[in-house]
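Q: Work out the full structure, taking the sequences as your base and the hints as a guide.
Chains as they are written, first to last, in my numbering: chain F, 369 to 905; chain X, 53 to 213.
Hint data in this document are derived by calculation from the structure and do not stem from the laboratory.
Please note that the accuracy of each hint is not assured.
Simulated restraints, written as ranges between beta carbons of each label pair [unchecked claim]:
#, chain 1, residue 1, chain 2, residue 2, range
1, F, 456, X, 211, 41 to 49 Å
2, F, 626, X, 122, 29 to 37 Å
3, X, 96, F, 881, 43 to 51 Å
4, X, 211, F, 770, 39 to 47 Å
5, F, 741, X, 96, 47 to 55 Å
6, F, 431, X, 122, 33 to 41 Å
7, F, 707, X, 211, 45 to 53 Å
8, X, 96, F, 552, 20 to 28 Å
9, F, 763, X, 211, 25 to 33 Å
10, X, 95, F, 579, 55 to 63 Å
11, F, 754, X, 211, 37 to 45 Å
The beta-carbon is built from N, C-alpha and C at its ideal position, and this holds for glycine as well.
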Amino acid sequence: MLSLIIILPMVAMAQKQDRPKGRLSGNFNMEAWYYLKDSVIGTNVPPEKTLMNGYANFRYDYGNFTAGMRFEGYLNTLQGFEKGYDGTGIPYRFLSYKNEELEFTVGNFYEQFGNGLVLRAWEDKNLGYDNAFEGIHVKYNPYKGVYFKGLYGKQRVFFDLGEGIVRGFDGEININQLFDTLKYAKTRFIIGGSIVSKYQKDENVQYNLPENVASFAGRFNFQHGMFSLKGEYAHKVNDPSADNGMIYKDGDALLVNSTWSKGSFGAMLSGKWVDNMSFRSDYQAVDKNLLINYLPAVTQNHTYALTAMYPYATQLTGEAGAQGEFYYRIKRKTALGGKYGTLITLNYSRVHDIERNREGLENDTLGYKDKFLAISDDLLYDDFNLKIERKFSRKLKGTFIGQYVSYNKQFIEGKGGIVYAKAGVLDLSYRIKRRHSIRLEQQLLMTEQDRGDWYSVMLEYTISPHWFFSIMDQYNYGNDHKDLRVHYYTLSMGYNKGGNRVQLNFGKQREGIVCVGGVCRQVPSAYGAYVTLTSTF
Amino acid sequence: MRTTFILTLVCLTMGLSAQNIPSADVKKLSGQVVNTSNFSNDGKPIVISFWATWCKPCVKELNAYNDYYMDWKDETGVRIVAISTDDTRSSGRVAPYVNARGWQFDVFLDENGDFKRAMNVANVPHTFLLNGDGEIIWQHTSYVDGDEEELYDKLLELTEK
Numbered sequence: 369m370l371s372l373i374i375i376l377p378m379v380a381m382a383q384k385q386d387r388p389k390g391r392l393s394g395n396f397n398m399e400a401w402y403y404l405k406d407s408v409i410g411t412n413v414p415p416e417k418t419l420m421n422g423y424a425n426f427r428y429d430y431g432n433f434t435a436g437m438r439f440e441g442y443l444n445t446l447q448g449f450e451k452g453y454d455g456t457g458i459p460y461r462f463l464s465y466k467n468e469e470l471e472f473t474v475g476n477f478y479e480q481f482g483n484g485l486v487l488r489a490w491e492d493k494n495l496g497y498d499n500a501f502e503g504i505h506v507k508y509n510p511y512k513g514v515y516f517k518g519l520y521g522k523q524r525v526f527f528d529l530g531e532g533i534v535r536g537f538d539g540e541i542n543i544n545q546l547f548d549t550l551k552y553a554k555t556r557f558i559i560g561g562s563i564v565s566k567y568q569k570d571e572n573v574q575y576n577l578p579e580n581v582a583s584f585a586g587r588f589n590f591q592h593g594m595f596s597l598k599g600e601y602a603h604k605v606n607d608p609s610a611d612n613g614m615i616y617k618d619g620d621a622l623l624v625n626s627t628w629s630k631g632s633f634g635a636m637l638s639g640k641w642v643d644n645m646s647f648r649s650d651y652q653a654v655d656k657n658l659l660i661n662y663l664p665a666v667t668q669n670h671t672y673a674l675t676a677m678y679p680y681a682t683q684l685t686g687e688a689g690a691q692g693e694f695y696y697r698i699k700r701k702t703a704l705g706g707k708y709g710t711l712i713t714l715n716y717s718r719v720h721d722i723e724r725n726r727e728g729l730e731n732d733t734l735g736y737k738d739k740f741l742a743i744s745d746d747l748l749y750d751d752f753n754l755k756i757e758r759k760f761s762r763k764l765k766g767t768f769i770g771q772y773v774s775y776n777k778q779f780i781e782g783k784g785g786i787v788y789a790k791a792g793v794l795d796l797s798y799r800i801k802r803r804h805s806i807r808l809e810q811q812l813l814m815t816e817q818d819r820g821d822w823y824s825v826m827l828e829y830t831i832s833p834h835w836f837f838s839i840m841d842q843y844n845y846g847n848d849h850k851d852l853r854v855h856y857y858t859l860s861m862g863y864n865k866g867g868n869r870v871q872l873n874f875g876k877q878r879e880g881i882v883c884v885g886g887v888c889r890q891v892p893s894a895y896g897a898y899v900t901l902t903s904t905f
Numbered sequence: 053m054r055t056t057f058i059l060t061l062v063c064l065t066m067g068l069s070a071q072n073i074p075s076a077d078v079k080k081l082s083g084q085v086v087n088t089s090n091f092s093n094d095g096k097p098i099v100i101s102f103w104a105t106w107c108k109p110c111v112k113e114l115n116a117y118n119d120y121y122m123d124w125k126d127e128t129g130v131r132i133v134a135i136s137t138d139d140t141r142s143s144g145r146v147a148p149y150v151n152a153r154g155w156q157f158d159v160f161l162d163e164n165g166d167f168k169r170a171m172n173v174a175n176v177p178h179t180f181l182l183n184g185d186g187e188i189i190w191q192h193t194s195y196v197d198g199d200e201e202e203l204y205d206k207l208l209e210l211t212e213k
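A: Spelled out as C-alpha cells, the structure:
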C-alpha cells in the first residue's frame with residue numbers, strides 16, 4: 369500500500385507534459401492541553417500533565433487515481449475522549465480509481481446509504497467518532513440517473529478492526545435523469561433501496577446467536593416545485609446485542625421529512641419512529657463503537673452554549689419524535705422589517721419513548737411486543753424556541769433567542785430527573801471601522817433543577833482577516849451549593865492566515881455534553897491552557 | 053514505520069502541482085447526485101464555501117457574500133457554491149433555510165462529508181477561491197466581520213491579471 373503511494377508521484381514525474389498533473393493536498397490538526405488543578409469544580413490533572421490529540425491527512429490526486437492516508441497520534445488522549453485511542457498509527461489509508469462509470473476504493477473508506485438508517489460510516493474528530501470501513505468499495509453508474517454502490521468491510525475501533533464483516537448494497541434511480549422527457553419537469557422523483565448484512569461468528573456459550581444479521585431499507589424523494597416530501601423505512605432481523613439486552617425481536621425505523629417554501633416563507637416538518645435499531649458489527653460493542661447505522665435525532669442542534677446546555681442524544685433502542693420549523697422574512701424597508709429586513713425562525717421538537725408491551729414476555733427471548741408507530745406517554749425531550757435575526761444598520765446586527773426546554777435527564781443520562789429550563793440569548797455585533805468589529809454575546813439560563821441558573825457573557829474583538837481576541841465568563845450563579853457558584857472563564861486569541869490557524873486559550877471548561885449530528889460526547893470539567901493548530905494545504 | 057512515513061511524504065511532495073477540483077458526489081437540494089469534478093464556471097473564478105445550518109459564523113459569512121454577490125458577479129464573473137455539511141439530522145432543513153435567507157447562490161448537500169474530506173476541510177466555515185482552471189488560489193478558515201473584503205480583493209487580483 370505505502371509503496372504504491374511512493375511510486376505514484378514518481379510515475380507522475382516521468383510522464384510527459386500533456387498527461388494529467390498530480391496534486392498533493394492535505395491538512396494538519398492538533399489540540400494540546402496543559403491541565404491545572406481546581407478542587408472546587410473537581411478537575412483532574414493527569415499524571416502526564418499535558419495531553420495531545422493530533423492528526424494529518426495527505427491526499428494525492430493523479431488523473432483518475434487518488435491515494436490518501438491519515439496519521440493519528442493521541443499522546444495521550446485528551447480528557448473527554450476515549451482512552452482507547454492512546455497511541456499512534458495510520459488507521460486510514462486508501463487507493464481509488466474512478467472513470468465515467470465506475471469507481472473503486474481499496475483500503476479505508478466512508479459511506480452512507482440513504483439517510484444512514486442501515487449504513488453510515490463517518491468520522492468527526494471533535495467527537496472522537498470514526499467507524500470507517502477497511503475493505504473494498506465500489507460505485508457504479510451504468511446509465512444516467514442509475515447509481516449502485518457496494519461494499520465489503522470490517523470497521524475501525526480505535527486502532528483496531530472490529531470482528532464482524534459488513535456487506536452492503538445500495539441502488540438509487542433518479543426518474544427525471546433517466547428519462548430525457550422528464551429532465552426539466554417540475555415534479556421530480558427519486559427512489560432507492562439498500563441491503564446491509566453483518567457476519568459475526570457465534571462463540572457465545574449461553575445464547576444461540578444469529579451469525580448473519582440482515583437489514584433492509586427503502587426510500588423515496590418527491591419534489592414538486594418548492595414542495596418536497598421524502599421518507600425512508602428500515603427493517604432489521606433478530607440481532608441480540610448488549611444494547612437491547614440480548615433480545616431477538618426485529619427492529620424497525622421510519623423517517624419522514626417535508627419542506628415547503630414560498631417567497632419569504634419556509635416550513636419544515638419531520639418525524640421519526642425507531643424501535644430496536646441499534647446495529648453494530650460486534651454484538652458486544654457499546655458507546656460509539658462499531659455502529660453500522662446512524663439514527664439522526666429530530667431535534668435542533670443549538671449553536672449557543674446555554675441553549676445547548678441540554679442537548680438530546682438519539683436513543684438507539686427506541687424513540688418517537690417530531691420537529692417543526694417555520695421561517696418568515698419580514699420584508700426590508702417596512703415598519704416591522706426595518707431597512708434590511710428581519711428573519712424570524714420558530715422551532716419546536718418533541719421526543720417520546722415508544723410504547724412497549726412486556727406482559728407475559730418477561731422471560732421471553734423477544735423481550736416485548738409493540739405496535740408500529742405506537743408512542744408512550746414518557747416525554748424524553750421537548751424544545752420550543754424563537755429566534756429573531758436583524759440587521760439594524762450597516763454597522764449593527766443582532767440575534768435574539770428565547771427557548772423553553774424539557775430534558776429527561778433521568779432517562780437519557782440515567783440520573784437527575786426531568787429538567788425544565790428557560791433560556792435567552794442576546795447577541796450583538798458592531799463594526800467599529802473597516803476590518804475592526806466587536807461582538808457582545810449574553811446568555812441566561814434559568815432552571816430549578818440540575819445545577820440551577822447560569823449567566824454567560826462574551827466579548828469578542830476581531831481584526832479581519834487575521835486576528836481575534838475574546839473573553840468569556842459562564843457564571844453558575846444559581847447553583848444550590850454556594851461553593852459551586854463558580855465563574856467558568858476563558859481567555860482566547862487566534863491568528864489566521866490562508867489555510868493556517870493558531871488559537872491559544874486559558875480558562876475553565878464546564879462539564880457538559882458536546883453534540884454534532886446525533887452523536888454526543890461527555891466533556892469533563894477542566895482547567896488549564898490549551899492550544900489548537902490547524903492547517904490546510 | 054516512521055522512515056516509510058517520511059519517505060512517503062518526501063515523494064508525495066515531489067509530485068506537487070495543481071489539478072482540477074477533486075471528485076466527490078454531493079447532492080442538489082432536489083436530491084440529485086452531482087459530481088464535484090463537474091463544477092465549472094466557463095473559465096471564470098469559483099468560490100467554494102463549506103458551511104452548516106448550526107454554524108453561526110458560516111451563516112454570517114454567507115449572508116455577507118449574498119449582499120455583494122450580484123456586484124461581484126458583474127465585476128468578476130464569479131460563481132459562489134455553498135456546500136452544506138449538515139448530515140441527515142439537519143440536511144432536511146437546508147432548503148427552506150436557504151430560501152428564507154434569500155441566498156442567490158447554488159447550495160449542495162455533502163451529508164457524509166465526502167467532498168469536505170476531498171478538500172481537506174477540518175472545520176467549518178472554510179472558504180476556497182479557485183481560478184478558472186480549478187486551482188486553489190486562496191483559502192480562509194473561520195469568519196469574522198469584514199473577511200469578505202479580503203475575498204473581494206483576491207477576486208479582483210485574479211480577474212485583473
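Q: With reference to the structure, classify each hint as holding or not holding.
A: Structure-based check of each hint:
1. 456(F) <-> 211(X): 41 to 49 Å: The hint (41 to 49 Å, Cβ to Cβ) holds, given that residue 456(F) and residue 211(X) are roughly 45 Å apart.
2. 626(F) <-> 122(X): 29 to 37 Å: Holds, since residue 626(F) and residue 122(X) (Cβ atoms, about 32 Å apart) stay within the stated range.
3. 96(X) <-> 881(F): 43 to 51 Å: holds (45 Å)
4. 211(X) <-> 770(F): 39 to 47 Å: Between residue 211(X) and residue 770(F), where Cβ atoms are some 45 Å apart, the hint holds.
5. 741(F) <-> 96(X): 47 to 55 Å: holds (51 Å)
6. 431(F) <-> 122(X): 33 to 41 Å: holds (37 Å)
7. 707(F) <-> 211(X): 45 to 53 Å: The hint (45 to 53 Å, Cβ to Cβ) is violated, given that residue 707(F) and residue 211(X) are roughly 31 Å apart.
8. 96(X) <-> 552(F): 20 to 28 Å: holds (25 Å)
9. 763(F) <-> 211(X): 25 to 33 Å: holds (29 Å)
10. 95(X) <-> 579(F): 55 to 63 Å: holds (57 Å)
11. 754(F) <-> 211(X): 37 to 45 Å: Given a distance of about 43 Å, which is inside 37 to 45 Å, the answer is holds.
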